[in-house]
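Going line by line, the protein sequences match chains A and B. First residue of the first sequence? That's 7 in the numbering used here, and the numbers climb one at a time after it. First residue of the second sequence? That's 6 in the numbering used here, and the numbers climb one at a time after it.
If you're looking for bench data, these hints aren't it; they were derived computationally from the structure. As the structure is a computational prediction, the values presented were derived from the model and not from experiment. Some hints could be false.
Unchecked claim - Calculated lysine-lysine pairs in the BS3-like style (CA-CA distance at most 30 Å, straight line): (1) B:8 x B:64; (2) B:101 x A:76; (3) B:8 x A:61; (4) B:62 x A:9; (5) A:9 x B:64; (6) A:59 x B:76; (7) B:101 x A:24; (8) B:113 x B:101; (9) A:9 x A:76; (10) B:101 x B:76; (11) B:101 x A:63; (12) A:9 x B:101; (13) A:61 x B:60; (14) A:19 x A:9; (15) A:59 x B:64; (16) A:19 x A:61; (17) A:61 x A:76; (18) A:61 x A:77; (19) A:63 x B:8; (20) B:60 x B:8.
What the hints assert, rightly or not - Ranges between beta-carbon positions, derived for each pair: (21) A:17 x B:111: 39 to 45 Å; (22) A:76 x B:81: 39 to 45 Å; (23) B:45 x A:26: 41 to 47 Å.
Here a beta-carbon is modelled for each residue, glycine too, at the ideal position from N, C-alpha and C.
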Amino acid sequence: DVKVTQSSRYLVKRTGEKVFLECVQDMDHENMFWYRQDPGLGLRLIYFSYDVKMKEKGDIPEGYSVSREKKERFSLILESASTNQTSMYLCASSLLAENTEAFFGQGTRLTVV
Amino acid sequence: SQKIEQNSEALNIQEGKTATLTCNYTNYSPAYLQWYRQDPGRGPVFLLLIRENEKEKRKERLKVTFDTTLKQSLFHITASQPADSATYLCALKGGKLIFGQGTELSVKP
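If we strip away everything but chain A, and leave its shape as in the complex, we get (with noise of 0.2 Å):
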């Protein structure tokens, strides 16, 4: 069965803190990606990358960093984290093909106090 990890499902952190959030994926894809989901909002991508060490901004990028060391790793990093960051984070990952689907983890809910 093929699956997307996330390191947390739920994160409590102070204003300032520098988070990492941690994606793991098991079926060798190229593509990872991390999403926030607010509501009414939607998905908006926030980083993406498709190969080690690659990285590509999204459309909201700002306030994030990421790092992908292994394949089947992707890190999304707060460096340092605001009360508008508090939202849902979700990881993906898809082979690099345009026919092919993305597959999420279970998302990390994060709260910045």
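Starting from the known structure of chain A, fit chain B onto it as the hints suggest.
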């Protein structure tokens, strides 16, 4: 920039009726369009993919159409059931994978 819009935030229908959801896109010429289902508190799950030269694709009670002239896809659920209640998202993939904001479907018994 590329943009995907879905027709409304919420759609309420009676059990047994056909639900029709709309997805429109701009500034893009995709070869494929995808549809996903998302249940509360969970990640989206892939349902169907349609190619640009396919007018229609079916999977059980699901039907998707793709009109590249109108830049629109329609997603139909026939003989809808309360278990079909969820948020449905359309997506385009070309390098990055972008989603519409989703349509929340509620099927009442």
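These are the hints, each one checked on the structure:
1. With a CA separation close to 27 Å, the supplied pair residue 8 of chain B and residue 64 of chain B stays within the 30 Å bound.
2. Annotation: proposed proximity of residue 101 of chain B to residue 76 of chain A holds, straight-line Cα distance about 19 Å (limit 30 Å).
3. The straight-line distance between the Cα atoms of residue 8 of chain B and residue 61 of chain A is roughly 21 Å, inside the 30 Å bound, and the hint therefore holds.
4. Note on residue 62 of chain B and residue 9 of chain A: the hinted pairing holds, with a Cα-Cα distance of about 27 Å set against a maximum of 30 Å.
5. With a CA separation close to 23 Å, the supplied pair residue 9 of chain A and residue 64 of chain B stays within the 30 Å bound.
6. Restraint check: the Cα-Cα separation between residue 59 of chain A and residue 76 of chain B comes to about 35 Å, which exceeds 30 Å; the hinted pair is violated.
7. Under the criterion of a C-alpha separation no larger than 30 Å, the hint pairing residue 101 of chain B with residue 24 of chain A is consistent with the structure, at around 26 Å.
8. Our distance criterion of 30 Å between C-alpha atoms is broken by residue 113 of chain B and residue 101 of chain B, whose separation comes to about 36 Å.
9. For a cut-off of 30 Å, the pair hint linking residue 9 of chain A to residue 76 of chain A stands: about 16 Å separates their Cα positions.
10. At roughly 19 Å between alpha-carbon atoms, residue 101 of chain B and residue 76 of chain B fall within 30 Å of each other, so this suggested pair holds.
11. A hinted pair counts as satisfied when its Cα atoms are at most 30 Å apart, and residue 101 of chain B with residue 63 of chain A qualifies at roughly 9 Å.
12. Between residue 9 of chain A and residue 101 of chain B, the direct Cα distance comes to roughly 20 Å. Compliance with the 30 Å bound is thereby established for this hinted pair.
13. For the hint linking residue 61 of chain A to residue 60 of chain B, the alpha-carbon distance of about 35 Å lies beyond 30 Å, and the restraint is violated.
14. The hinted pair formed by residue 19 of chain A and residue 9 of chain A meets the criterion: a straight-line CA distance of about 26 Å does not exceed 30 Å.
15. Between residue 59 of chain A and residue 64 of chain B the alpha-carbon distance is near 38 Å, which puts this suggested pair outside the 30 Å criterion.
16. About 25 Å separates the Cα atoms of residue 19 of chain A and residue 61 of chain A, which keeps this hinted pair within 30 Å; it holds.
17. The straight-line distance between the Cα atoms of residue 61 of chain A and residue 76 of chain A is roughly 12 Å, inside the 30 Å bound, and the hint therefore holds.
18. Proximity of residue 61 of chain A to residue 77 of chain A is assessed by CA-CA distance (about 12 Å); at most 30 Å being required, the pair is judged to hold.
19. For the hint linking residue 63 of chain A to residue 8 of chain B, the alpha-carbon distance of about 16 Å falls within 30 Å, and the restraint holds.
20. Restraint check for residue 60 of chain B and residue 8 of chain B: satisfied, since their Cα atoms lie roughly 22 Å apart, inside the 30 Å limit.
21. Taking the beta carbon of each, residue 17 of chain A and residue 111 of chain B are about 30 Å apart, not inside 39 to 45 Å as hinted.
22. The supplied range of 39 to 45 Å is met by residue 76 of chain A and residue 81 of chain B, whose beta-carbon atoms lie about 42 Å from each other.
23. Residue 45 of chain B and residue 26 of chain A have their C-beta atoms about 26 Å apart, which leaves the hinted 41 to 47 Å range violated.
In summary, the structure is inconsistent with hints 6, 8, 13, 15, 21, 23 from the numbered list given earlier, while agreeing with the others.
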